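The residues making up each chain are set out below.
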Amino acid sequence: MAYTLKLRIWRGDKDGGEIKDYPVEVSEGEVVLDAIHRVQGTQAGDLAVRWNCKAGKCGSCSAEVNGKPRLMCMCRLSDFEEDETITVTPMRTFPVIRDLVTDVSFNYEKAKELPYAKLPPRDADGKRRMAQVDVERGQEFRKCIECFLCQNTCHVVRDHEENKPAFAGPRFFLRYAELDMHPLDTHDRRELAQGAAGLGMCNITKCCTEVCPEGIKITDNAIIPMKERVADKKFDPLVWLGSKIGIRDKDREGRTEV
Amino acid sequence: MTGNALDGDAAGGMERHTYDVVVVGAGGAGLRAAIAAHDAGAKVAVVCKSLLGKAHTVMAEGGIAAAMGNRWPEDNWEVHFRDTMRGGKMLNNWRMAQLHAQEAPERVMELEDWGALFDRTDDGLISQRDFGGHKYARLAHVGDRTGLEMIRTLQQRTVELGIDVFMECTVTDLFKDGDAIAGCFAYWRESGRFIVFDAPTVILATGGIGKSFKVTSNSWEYTGDGHALAMRAGASLINMEFIQFHPTGMVWPPSVKGLLVTESVRGDGGILKNSEGKRFMFDYIPDFFKAETADTVEEADAWYEDKKNNRRPPELLPRDEVARAINSEIKAGRGTPHGGIYLDIASRRTPEFIKKRLPSMYHQFKELADVDITSEPMEIGPTCHYVMGGVEVNADTQESSVTGLYAVGECSGGMHGSNRLGGNSLGDLLVFGKRAGDAATAYANGLGANRPKVSDADVAAAQASALAPFEVEGGENPYSIQTDLQQSMNDLVGIIRDGSELEQSLVAIEGFKERAKTMKVEGHRQYNPGWHLAIDLRNMLIVSESIAKAALARQESRGGHTRNDYPKTDPVWGTKNLVVTLNAAGTGVDLAEKPLPVMPEELTKYFDAAAKPEEGKN
Chain B
1 MAYTLKLRIW
11 RGDKDGGEIK
21 DYPVEVSEGE
31 VVLDAIHRVQ
41 GTQAGDLAVR
51 WNCKAGKCGS
61 CSAEVNGKPR
71 LMCMCRLSDF
81 EEDETITVTP
91 MRTFPVIRDL
101 VTDVSFNYEK
111 AKELPYAKLP
121 PRDADGKRRM
131 AQVDVERGQE
141 FRKCIECFLC
151 QNTCHVVRDH
161 EENKPAFAGP
171 RFFLRYAELD
181 MHPLDTHDRR
191 ELAQGAAGLG
201 MCNITKCCTE
211 VCPEGIKITD
221 NAIIPMKERV
231 ADKKFDPLVW
241 LGSKIGIRDK
251 DREGRTEV
Chain A
259 MTGNALDGDA
269 AGGMERHTYD
279 VVVVGAGGAG
289 LRAAIAAHDA
299 GAKVAVVCKS
309 LLGKAHTVMA
319 EGGIAAAMGN
329 RWPEDNWEVH
339 FRDTMRGGKM
349 LNNWRMAQLH
359 AQEAPERVME
369 LEDWGALFDR
379 TDDGLISQRD
389 FGGHKYARLA
399 HVGDRTGLEM
409 IRTLQQRTVE
419 LGIDVFMECT
429 VTDLFKDGDA
439 IAGCFAYWRE
449 SGRFIVFDAP
459 TVILATGGIG
469 KSFKVTSNSW
479 EYTGDGHALA
489 MRAGASLINM
499 EFIQFHPTGM
509 VWPPSVKGLL
519 VTESVRGDGG
529 ILKNSEGKRF
539 MFDYIPDFFK
549 AETADTVEEA
559 DAWYEDKKNN
569 RRPPELLPRD
579 EVARAINSEI
589 KAGRGTPHGG
599 IYLDIASRRT
609 PEFIKKRLPS
619 MYHQFKELAD
629 VDITSEPMEI
639 GPTCHYVMGG
649 VEVNADTQES
659 SVTGLYAVGE
669 CSGGMHGSNR
679 LGGNSLGDLL
689 VFGKRAGDAA
699 TAYANGLGAN
709 RPKVSDADVA
719 AAQASALAPF
729 EVEGGENPYS
739 IQTDLQQSMN
749 DLVGIIRDGS
759 ELEQSLVAIE
769 GFKERAKTMK
779 VEGHRQYNPG
789 WHLAIDLRNM
799 LIVSESIAKA
809 ALARQESRGG
819 HTRNDYPKTD
829 PVWGTKNLVV
839 TLNAAGTGVD
849 LAEKPLPVMP
859 EELTKYFDAA
869 AKPEEGKN
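Protein sequences, first through last, are from chains B and A.
With this note's numbering, the residue at position 84 of the first sequence is 84, and numbering never jumps.
With this note's numbering, the residue at position 40 of the second sequence is 298, and numbering never jumps.
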């Protein structure tokens with residue numbers, strides 16, 4: 001089953017680089033990351049690649065395989081023809097550090113701008129109560145492994161450096177949606193999602209959903225409903241009237257704007 | 259890449275930072291320690307080898323063991339304490355096991371305060387699931403991705419509190435002033451530049467040592483850094499002979515060999531079968547657990563619904579027992595085509611149930627092995643998963659024998675004795691992470707202006723040591739030494755050990771040490787994995803030697819240490835720990851025996867005579 005894979009890897013740093021050929025022996029059941037590791041161990045000891053669990057759980061080994069944003073550990077060689085050339089390049093949206101490693105600090109900066117969950121005090125017996133059905137509502141979003149492939153593929157920032165300051169990206173819209181669905185959280189982040197995070201810049205092309213290795217329906221289940229909730233607050237005349245004459249918005253009960 | 263804008267071109271070519279507490283490692287233990295130290299008023303830095311949120315905690319699946327009593331009101335810390343001690347075959351540090359059992363429930367509730375969402379009971383309380391060795395359903399969980407929920411919660415809390423995080427930054431040396439910690443030395447992976455931390459306390463939270471073995475569930479980071487840093491600073495390690503081989507790792511395809519299959523599969527009804535279709539665990543129930551284990555299929559199956567009137571299925575014996583049984587079946591020729599054993603939940607639960615309770619496992623097998631676990635059995639086999647041994651610490655403060663040096667989580671030793679129960683690691687991280695953060699802050703605050711100082715000579719020596727692999731002419735590539743070490747440890751210091759093989763392994767390790775003296779790295783200092791491995795390999799070698807030496811000395815079988823030539827559990831060995839330290843020349847390890855701390859009478863009452871492992875089949 002072993003064969004020589006025609007593997008090409010981008011080598012270089014912030015000053016530039018090139019795609020180089022690394023023909024490498026591979027065998028049945030292997031993934032792209034196995035091939036990269038074999039190149040590292042036998043041909044290019046200093047080949048820079050970021051990885052941790054090699055099981056699709058940590059989201060470290062994000063790169064572009066034949067131009068498609070993928071986790072290298074979940075990208076099976078059996079999905080390619082044996083004579084097919086596989087080209088691996090770093091994620092394009094983030095500045096290159098070296099070879100396949102990019103500077104993803106954009107995401108960590110955006111994470112700091114988000115007000116986290118703030119729960120009311122516990123019940124009298126020191127415990128909290130939530131219904132399983134309410135807990136489950138946001139679980140899909142909490143599966144996110146922070147591989148940042150959605151951030152990488154999102155056209156709002158992929159080739160538009162100028163949009164980065166005003167746009168948090170799909171990963172963080174997911175966080176907004178997840179916190180909005182937390183059964184006990186007391187924050188209302190709708191203004192923030194629209195304003196500081198730039199939710200309105202997303203024009204729902206679903207590119208993020210397509211590349212999510214966890215299969216999270218980012219656009220349909222997180223972004224669009226979040227947009228709707230923002231729109232309700234800003235533009236729905238009934239909601240506006242209700243808030244003017246003091247009728248409570250039951251969906252928002254217990255939440256205060258941050 | 260720090261996310262804290264602390265990097266950049268520091269004056270003098272070397273960055274220098276001053277903190278009260280430096281935490282090495284950003285898994286559950288490290289982050290919990292950092293949060294505790296911050297809350298206690300310390301200026302804290304977290305230094306981690308990977309990006310924030312990628313640490314191995316993310317891989318934990320099953321849950322956090324905590325006697326909250328949400329499902330079984332009968333459950334309490336005493337029962338949890340007893341289960342932990344018995345799981346560890348009574349070799350645990352009793353005080354750590356006690357503190358863990360007492361404090362885990364509140365540590366879980368804190369996670370919920372910070373936004374974690376656990377699965378619920380019908381009453382809306384945190385759900386608790388069954389796991390091997392735990393008398394009651396006790397593991398707080400979120401599906402089978404509890405570790406991810408835990409690390410996100412702690413990560414987000416860390417960011418929210420504004421704690422400085424040095425990401426992709428590796429600590430290579432600890433500094434001392436006299437007998438006390440003065441700081442540590444690190445390099446940025448991104449740039450290869452060096453950093454000196456001036457800090458009177460360092461909390462090691464670096465995880466385990468699995469990367470010294472070929473088949474492991476551990477990621478590349480698990481190179482025993484904390485174990486080795488502590489030894490080089492003069493601290494001691496205990497229980498290093500005890501390695502947990504998780505019974506269920508994937509065996510196929512080869513690229514994922516060793517990858518963990520959660521114990522929850524068995525907790526939720528999965529059973530083990532050999533190639534003849536036999537549910538073989540009934541043949542492997544040890545005397546020590548006979549009284550509490552079902553001996554018929556009927557009773558075992560009834561237990562899932564009625565725990566009061568039935569005993570636990572043998573598939574849920576502690577991990578060491580199950581791993582040995584699987585190993586025996588495979589050796590006897592009753593293995594699967596890929597050299598494993600079948601783990602079957604497909605024939606026992608509905609596809610809906612499986613997908614809901616075990617979504618990550620469903621995804622993992624579907625994506626990586628083309629196996630649909632709702633319709634076919636999984637092929638599994640033992641995989642190196644966890645090291646029970648680690649830095650010897652004070653049970654209450656987690657301080658090592660070196661003043662100002664603390665160790666928490668997997669890199670500390672004592673809590674789990676000779677075998678860890680599933681679910682007790684996440685609890686361990688939280689309980690002792692908090693304790694270490696509190697204790698380190700109290701010590702740092704008490705120093706006033708009299709802080710230990712880092713000497714210039716030590717900094718120069720640390721730098722020279724880190725750069726040494728670049729100076730070598732014509733040496734060997736570190737990857738090939740690592741591969742040979744992993745194969746050797748797997749073959750000679752694995753799940754079943756033998757005196758002569760352990761002796762061979764020590765000879766082999768001497769050979770690797772010799773080869774490592776002249777290992778060479780190519781390229782430059784900027785994000786160079788070859789260089790990083792060369793530095794980590796030194797730690798792997800010293801830790802491997804510690805394991806092999808201790809394993810050779812312990813002439814009995816107990817928990818995560820099984821000797822072919824000494825198959826019985828020996829009560830004399832049950833009274834002592836093995837302690838390893840770096841030898842005077844700094845080139846190898848010294849071994850000593852140390853009596854086990856004596857359990858006070860108010861706790862011994864939880865163990866009847868039958869609980870003490872008597873001479874007999876382990």
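Think of the hints as simulated: they come from the structure by calculation, not from any bench.
Treat the hints loosely; a few may be bogus.
[What the hints assert, rightly or not] For lysine-lysine, the following DSS-like pairs were computed, each having C-alpha atoms within a straight-line distance of at most 25 Å:
id, chain 1, residue 1, chain 2, residue 2
1, B, 118, B, 143
2, B, 20, A, 778
3, B, 217, A, 548
4, A, 566, A, 589
5, A, 826, B, 110
6, A, 613, B, 143
7, B, 217, A, 566
Just so you know, these numbers come straight off a predicted model, no measurement behind them.
Here's how the hints hold up against the structure:
1. B/118 / B/143: 20 Å, holds
2. B/20 / A/778: At roughly 23 Å apart (the allowed maximum being 25 Å), residue 778 of chain A and residue 20 of chain B satisfy the hint.
3. B/217 / A/548: At roughly 48 Å apart (the allowed maximum being 25 Å), residue 548 of chain A and residue 217 of chain B break the hint.
4. A/566 / A/589: Violated. Residue 566 of chain A to residue 589 of chain A sits at ~36 Å, over the 25 Å cutoff.
5. A/826 / B/110: With a Cα-Cα distance of about 57 Å, the restraint between residue 826 of chain A and residue 110 of chain B is violated, given a limit of 25 Å.
6. A/613 / B/143: Holds - the C-alpha atoms of residue 143 of chain B and residue 613 of chain A are around 14 Å apart, at most 25 Å.
7. B/217 / A/566: 42 Å, violated
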